[in-house]
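K.L.:
Listed below are the residues making up each chain.
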Amino acid sequence: MEIVVCIKQVPDTTEVKIDPVKNTLIRDGVPSIVNPFDEYAMEAAVRIKEQCGAKITVLTMGPPQAASALRKCLAMGADEAVLVSDRAVAGADTLATSFTLAKAIEKIGKPDIIFCGKMAIDGDTAQVGPGIAEHLGLPQTTYVQKIREVSPHRLIVERVSDSGHELVSIPLPCVVTVDKAIGEPRYPSVKGSINASRQEIITWTAADIEAPPDKTGLNGSCTQVMRIFTPQIQKHNEMLSAESDEALCDLLLAKLQEAKIV
Amino acid sequence: MPTAELIVFLIITFLTVLLFVQAVSKKLKFIRLGAKENRSDHPGKRFANFCANVLGQRKLLQEPYGFIHFFIFWGFIFIALGEIPFILERVFPNITIPILGTSPYFYLIKEILASLVFIGLIVGLIRRWIIRPARLYLSFEAALVVILIYGVIITEWLTSGAKLALMGSHPAYSLDFIYNLVAGFFAGASAESLTTTISFLWWIHVFILYAFAVYIPNSKHLHILATPFNSYFASLKPVGGQIEPMNLEDENLKEYGVGRIENFTWKQLLDSFACGECGRCMDNCPANISGKPLNPKQLLSRTLKDHLLEKGAVMNKLGITSTGEENAEALKPYTTGYSETGQVLNKKLIGDIVSREEIWSCTTCMACQTLCPVSNEHVNKIIDMRRYEVMNENNYAHELQLAFRNVEAKYNPWGVSWSERASWAKDLDVQTMKEAGDQEVEYLYWVGCAGSFDDRAKKVSVAVAKILKAAGVNFAILGREEKCCGDFIRRAGNEYLFGLMVKDNINTLNNYKVKKIITACPHCLNTLKNDYPAFGGNYEVIHHTQFINDLIKSGKLTLNKNVEMPKQKIVYHDSCYLGRYQQEFEAPRALYRMVPGVELIEMDRNHNKSFCCGAGGGRMWLEENIGERINNMRVDQALAKEPQAIGANCPYCITMLEDGIKDRADAEHAVPVIDPAELIVKMI
Numbered sequence: 001m002e003i004v005v006c007i008k009q010v011p012d013t014t015e016v017k018i019d020p021v022k023n024t025l026i027r028d029g030v031p032s033i034v035n036p037f038d039e040y041a042m043e044a045a046v047r048i049k050e051q052c053g054a055k056i057t058v059l060t061m062g063p064p065q066a067a068s069a070l071r072k073c074l075a076m077g078a079d080e081a082v083l084v085s086d087r088a089v090a091g092a093d094t095l096a097t098s099f100t101l102a103k104a105i106e107k108i109g110k111p112d113i114i115f116c117g118k119m120a121i122d123g124d125t126a127q128v129g130p131g132i133a134e135h136l137g138l139p140q141t142t143y144v145q146k147i148r149e150v151s152p153h154r155l156i157v158e159r160v161s162d163s164g165h166e167l168v169s170i171p172l173p174c175v176v177t178v179d180k181a182i183g184e185p186r187y188p189s190v191k192g193s194i195n196a197s198r199q200e201i202i203t204w205t206a207a208d209i210e211a212p213p214d215k216t217g218l219n220g221s222c223t224q225v226m227r228i229f230t231p232q233i234q235k236h237n238e239m240l241s242a243e244s245d246e247a248l249c250d251l252l253l254a255k256l257q258e259a260k261i262v
Numbered sequence: 001m002p003t004a005e006l007i008v009f010l011i012i013t014f015l016t017v018l019l020f021v022q023a024v025s026k027k028l029k030f031i032r033l034g035a036k037e038n039r040s041d042h043p044g045k046r047f048a049n050f051c052a053n054v055l056g057q058r059k060l061l062q063e064p065y066g067f068i069h070f071f072i073f074w075g076f077i078f079i080a081l082g083e084i085p086f087i088l089e090r091v092f093p094n095i096t097i098p099i100l101g102t103s104p105y106f107y108l109i110k111e112i113l114a115s116l117v118f119i120g121l122i123v124g125l126i127r128r129w130i131i132r133p134a135r136l137y138l139s140f141e142a143a144l145v146v147i148l149i150y151g152v153i154i155t156e157w158l159t160s161g162a163k164l165a166l167m168g169s170h171p172a173y174s175l176d177f178i179y180n181l182v183a184g185f186f187a188g189a190s191a192e193s194l195t196t197t198i199s200f201l202w203w204i205h206v207f208i209l210y211a212f213a214v215y216i217p218n219s220k221h222l223h224i225l226a227t228p229f230n231s232y233f234a235s236l237k238p239v240g241g242q243i244e245p246m247n248l249e250d251e252n253l254k255e256y257g258v259g260r261i262e263n264f265t266w267k268q269l270l271d272s273f274a275c276g277e278c279g280r281c282m283d284n285c286p287a288n289i290s291g292k293p294l295n296p297k298q299l300l301s302r303t304l305k306d307h308l309l310e311k312g313a314v315m316n317k318l319g320i321t322s323t324g325e326e327n328a329e330a331l332k333p334y335t336t337g338y339s340e341t342g343q344v345l346n347k348k349l350i351g352d353i354v355s356r357e358e359i360w361s362c363t364t365c366m367a368c369q370t371l372c373p374v375s376n377e378h379v380n381k382i383i384d385m386r387r388y389e390v391m392n393e394n395n396y397a398h399e400l401q402l403a404f405r406n407v408e409a410k411y412n413p414w415g416v417s418w419s420e421r422a423s424w425a426k427d428l429d430v431q432t433m434k435e436a437g438d439q440e441v442e443y444l445y446w447v448g449c450a451g452s453f454d455d456r457a458k459k460v461s462v463a464v465a466k467i468l469k470a471a472g473v474n475f476a477i478l479g480r481e482e483k484c485c486g487d488f489i490r491r492a493g494n495e496y497l498f499g500l501m502v503k504d505n506i507n508t509l510n511n512y513k514v515k516k517i518i519t520a521c522p523h524c525l526n527t528l529k530n531d532y533p534a535f536g537g538n539y540e541v542i543h544h545t546q547f548i549n550d551l552i553k554s555g556k557l558t559l560n561k562n563v564e565m566p567k568q569k570i571v572y573h574d575s576c577y578l579g580r581y582q583q584e585f586e587a588p589r590a591l592y593r594m595v596p597g598v599e600l601i602e603m604d605r606n607h608n609k610s611f612c613c614g615a616g617g618g619r620m621w622l623e624e625n626i627g628e629r630i631n632n633m634r635v636d637q638a639l640a641k642e643p644q645a646i647g648a649n650c651p652y653c654i655t656m657l658e659d660g661i662k663d664r665a666d667a668e669h670a671v672p673v674i675d676p677a678e679l680i681v682k683m684i
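Protein chains in written order, with my numbering: chain A, 1 to 262; chain F, 1 to 684.
Chain F extracted, bound-state conformation:
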């Protein structure tokens, strides 16, 4: 390369690197404003996650169009590798780059992938501009990046093709069908004109490539850089156990929850940059679909990110290095008086940026997180903001306060006298742990508040107890000593009251040396299994549908298959807390299939894409005033399959679906909602 050209090349390369590093470090500075959180433990597991989710594109491949991203991703990697010989061979004509510059197979693979990227982007464009699914935003950013990528690919093909035409043949390019194709077009051109063309195209290519490199960290396409890290640092905890306990004993803790963007942890902030705006979350979010203001994609990729960019810029300019743990007082010197920066700093995260309706719309159904291909954690952010509203601001719905009050006074959200907790079992001869005394009890049957106090759920409790007795299971209940597990309390942001319940329950459970717990409530199940360990409660917790399957498999429970049962089509509803949370989809289905006359059918939204009943995350106790009722929508989805019954496995779901049926179906189309235990009990 001539010296003059080399100087120009080095200058623009230096500038590109400089601009790239500047942009990245600016974003890093924003992320570092967040609170501390250790996400570096278990590097092996993290690397495995990285391999599966980034290199293997696991979650993307679960959707019809996902394979396109797979090819674009791997195409990018190979195109990037191809840039190394492409640039270096011109700058240093005398060096040979091993493999990348010599292997015909490398060029073959690169070209196959690059062609797929080429086609994939066309499909992407068609989807965005012609099919236009609601979940994809039309934006200038999306168009620009496609233009840049095409620019990179096409100029590379043209340059290398011309180069091949000039050289006549090149061992490394022998299998490169595109280079050979392009070389064919250039056949007959003079060496001189080819040299000029190559030089011209090479420079165009380099400019587009560098523009792309600078553009990435300054746009939403920072996703490309942030996602690998986000995947590596993703939570290793089960999806139902990711809520961080708060140290309420800490007297320095003056602000509870997250009421300022920088109070999120750095990982929570990184999420926003990792978002590729694919919209899988919003497509499966019951709040979003039912017309509520919460849109998980908008929240992460726009609302929170834009606010971080704005406030972070001001904070960095003023040199405020909040670690997220400091008091709002610390910001006072900058926010008094009228100033633009003061105005930005004074914006309230909740109220000015995120609306209260947004944070209270979430049912914690986990559809967003389960389907998110970049390992974002949406639900924790919402719970953190709820914590701020409940614990710090005392600003939350009256009906939720009533539920809290009931738990405080009666240990259950229904507000029924706690001494009535075991009344459902009074005719069943079920012993309590207290009555069992010194006798060895193998299983604790955790009944839960719904199973103890809700008339509908009590019927399931009775069925479960009868099945356990028929199978000769050595079990007991806690009776009056059982208290609300705290599931909804925690997810509604009241960590203080949750702590009181957990402490009492763990004391009781550990006092009786409980090891194994059976429960019919997926919410209790998740809380006992995934929330309690952080507080010193470690139990093996199993859902009744799983346990009944085990009983049948091990021969402890034999079913009478000759029992007269009605012929019926049952459409099955996966509860969020058993399905997505525990990844248990089969156990309840297996039980329905064992019942004579039952034909089990599926709704369109099932398994990981199941649609919430609307009751999770404290929503059971909140009025649903905005948009359509989620339970009614789910009932519509179920009734569309013309079933004779709806199958469900969670007391909340059963209540919500039955309410929905009352609302939606006339007497003729009304169908019952049945827990599998209620059918199995008829066969013992």
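Bound conformation, chain A alone:
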């Protein structure tokens, strides 16, 4: 079985602080990490590899530094790593990114499963995974929480939706985006990390994957970021307390009525 896992290197947003004066994100010195949801995608792929054998190729698009994110995935159990790095693909939105990744996947071969995290923590769009599926014309299932069954031509997965849980049977090849419930990503073994640090990262340019300039990078993007800012969050919290639960309910009701909510 051939699996491609698409990942993204993101700034560790838990460490990103807001400049109180300029109201912008301070990215200075913030370490880059593998997008946490993509680690879950890696974990899903590695579990299938352990269960029924598979070759895992981990794929990302980004600057040369993104190689370190790929190495972490190699340490977790990926067999090969591909980095699409080219000025021509820089500044891409989700449309251009998913197009570029789709072209890279075509060059990799004909994978049976393409795993993505459900979204990246820096953009929160959750569009790249589905975009890849559309560009490749493959079926997709998103927000997957459990892989129940893997057979040569079909996956049976559980996914979560607004209306509840769904059991989905999807033919291969397909695109799957995963949620955290899929299983805690493993901590790579030291040996795995050392081997990964020695392994070669395959690097492709836009030309290598035959991606036309008008469909990649800024040129291929149909959306553009005009400004990044931190919204003012105004919270008014009030803790209510009363002697009994009934009294507390009455107090809460009075407050809600006062605020004209009920």
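Do not take every clue at face value.
List of simulated lysine to any residue pairs, SDA-like, C-alpha gap at most 20 Å [said to hold, decoys possible]:
#1 Lys36(F) / Tyr232(F)
#2 Lys17(A) / Tyr232(F)
#3 Lys503(F) / Ser197(A)
#4 Lys45(F) / Gln57(F)
#5 Lys17(A) / Lys503(F)
These are computed hints drawn from the structure, not numbers from a lab. Small disclaimer: the values here were computed from a predicted structure and weren't measured.
Once you've looked at the hints, dock chain F against the given chain A.
P.N.:
Below, chain F alone, put in the same frame as chain A:
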């Protein structure tokens, strides 16, 4: 000597030499199975160590019974020298051996020492069989060797005494009080009977002596031969800097750490043969004393040695000449299928021979090595085996993995956001190196993870910073750029992650051209000072207690002695990493003594024999599930002195002791743990 006797003598001498050489070379072959390691540099320093530790018996003399060994050692040397005239004068009656055969003073000294050996062995026997301290093993070997030595000494005395009686007088024996005493017993015996007696006793003596010579290299008493070499080849590095870096760039390196006995270096294997089983290590090992499976003496002198003897014999028989660096694959042809040799070769060093609990019990407190009279290096072996478990087998405690993960992601084992590293100092107006920019900064204050993130240790960091500012010291911190120094990571066997931290930290430090570092954490201190040089980081590192002493001595810091301080007895706890590792015992004590109202008292275990708090070597991050808790034991030792406070100088110790107090003392007996800086800061 008659020809027939001479032939017999030559034959048994030849056989003895042959058996002796065979036994020694067999052991040498085992030692040579080990990996390469250069221990021949700086012959001058090595010889000096040899003189102090072997000829001078330095470490033995530090213990009450040690002087007995001193006399036994020197007694042996003189008894051995005395054997030269004793044997040669009979074999070649016409030759005169200068000094040894002629000097009455030589015989006087020899006899004084031999008598002391005689008495010393009795004391030894009393200790082993009557007092029976736990650290000494009762064994047939120990009894047999005493019998042989007595045999050698007594038959020599009797023979020479009889000889003196026969000759009437002998200028060389004039001061030999024993020979004269024995000669007195023989007075009146006929010349004929004396000649027969001398001949008979001489032969008995030679047989016992030769039996002894053959027995030594075949028993634990090989210690006598191995120790001088072990002392000479002992590590010249400071005790905190003896962990060898691994070349992880080397793609041929497929096995990390030591998972097979022959992967130890030859010097590590020699250690086992040098062990005299005195038990100083186990008597001071916190793991052993608290009932954990690790017993450093057992590990070296029995567990590892027995395994080496067994596996080495098989390897030598099969002609496997491992240099220790080769892959386990190389052993495959010998281990497939069922065979006795295969079974021996298949034994796993970790698991079958040494238990995992043993290697993870060590706190790297260095009590064993510091007190070991034969210069054995116990801790490195344990770290090498941990490396195998962590790096090769990925088999180690979950909680340790969490600490590694935290360091990887947040650069500190607590897992607190790295960007909060300088938060402790936000109200103190302490500059960072980055803020200092082009300004010259003399000292870097290395705060460490504990000092930055642990609420208790932060109070010490604040005190230190306030003192430095009060003394007008030109210093800065690294703030968010500081990362875990890697102390516990390295000692827990993760050389890879350690390497990542070291690389980043050295880059940062060298980038700011840091030369001098002050730190309040003895673990950071040791790692920065002793581990970093091998990676290109060379700094002068000083503990805050040392630095504050310097500030006071040089007049840069004046203390207000009129400050109102409570009268209190403080019992002082030496941290391993400042005490044994840096041999700094005085600086913290001096600071406590400067504080009005403080009476500084000692625990029974102090200085080099101080008892670990239980947190070193990664133990801080591991659950303590076996035996008694080490920190609780230390707290018991401290509270026995009925102090009002416990003095400590290390953030790990402070945490461990405070936890122990919560566990052990009720509210009435609970005492605080105080770093000296916390008292000094009140006097500025």
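K.L.:
Determine for every hint whether it applies to the structure shown.
P.N.:
Results for each hint:
Straight-line distance between C-alpha atoms of Lys36(F) and Tyr232(F) comes to about 17 Å, which keeps the hinted pair within the 20 Å bound. With a C-alpha separation of about 57 Å, the suggested pair Lys17(A) and Tyr232(F) falls outside the 20 Å cut-off, and the hint is violated. At most 20 Å may separate the alpha-carbon atoms for a hinted pair to count; Lys503(F) and Ser197(A) meet this at roughly 15 Å. Under the criterion of a C-alpha separation no larger than 20 Å, the hint pairing Lys45(F) with Gln57(F) is consistent with the structure, at around 16 Å.
Between Lys17(A) and Lys503(F) the CA atoms are separated by roughly 26 Å; this puts the pair beyond 20 Å, and the hint is violated.
Comparing the model with each earlier hint shows violations of hints 2 and 5; every other hint is respected.
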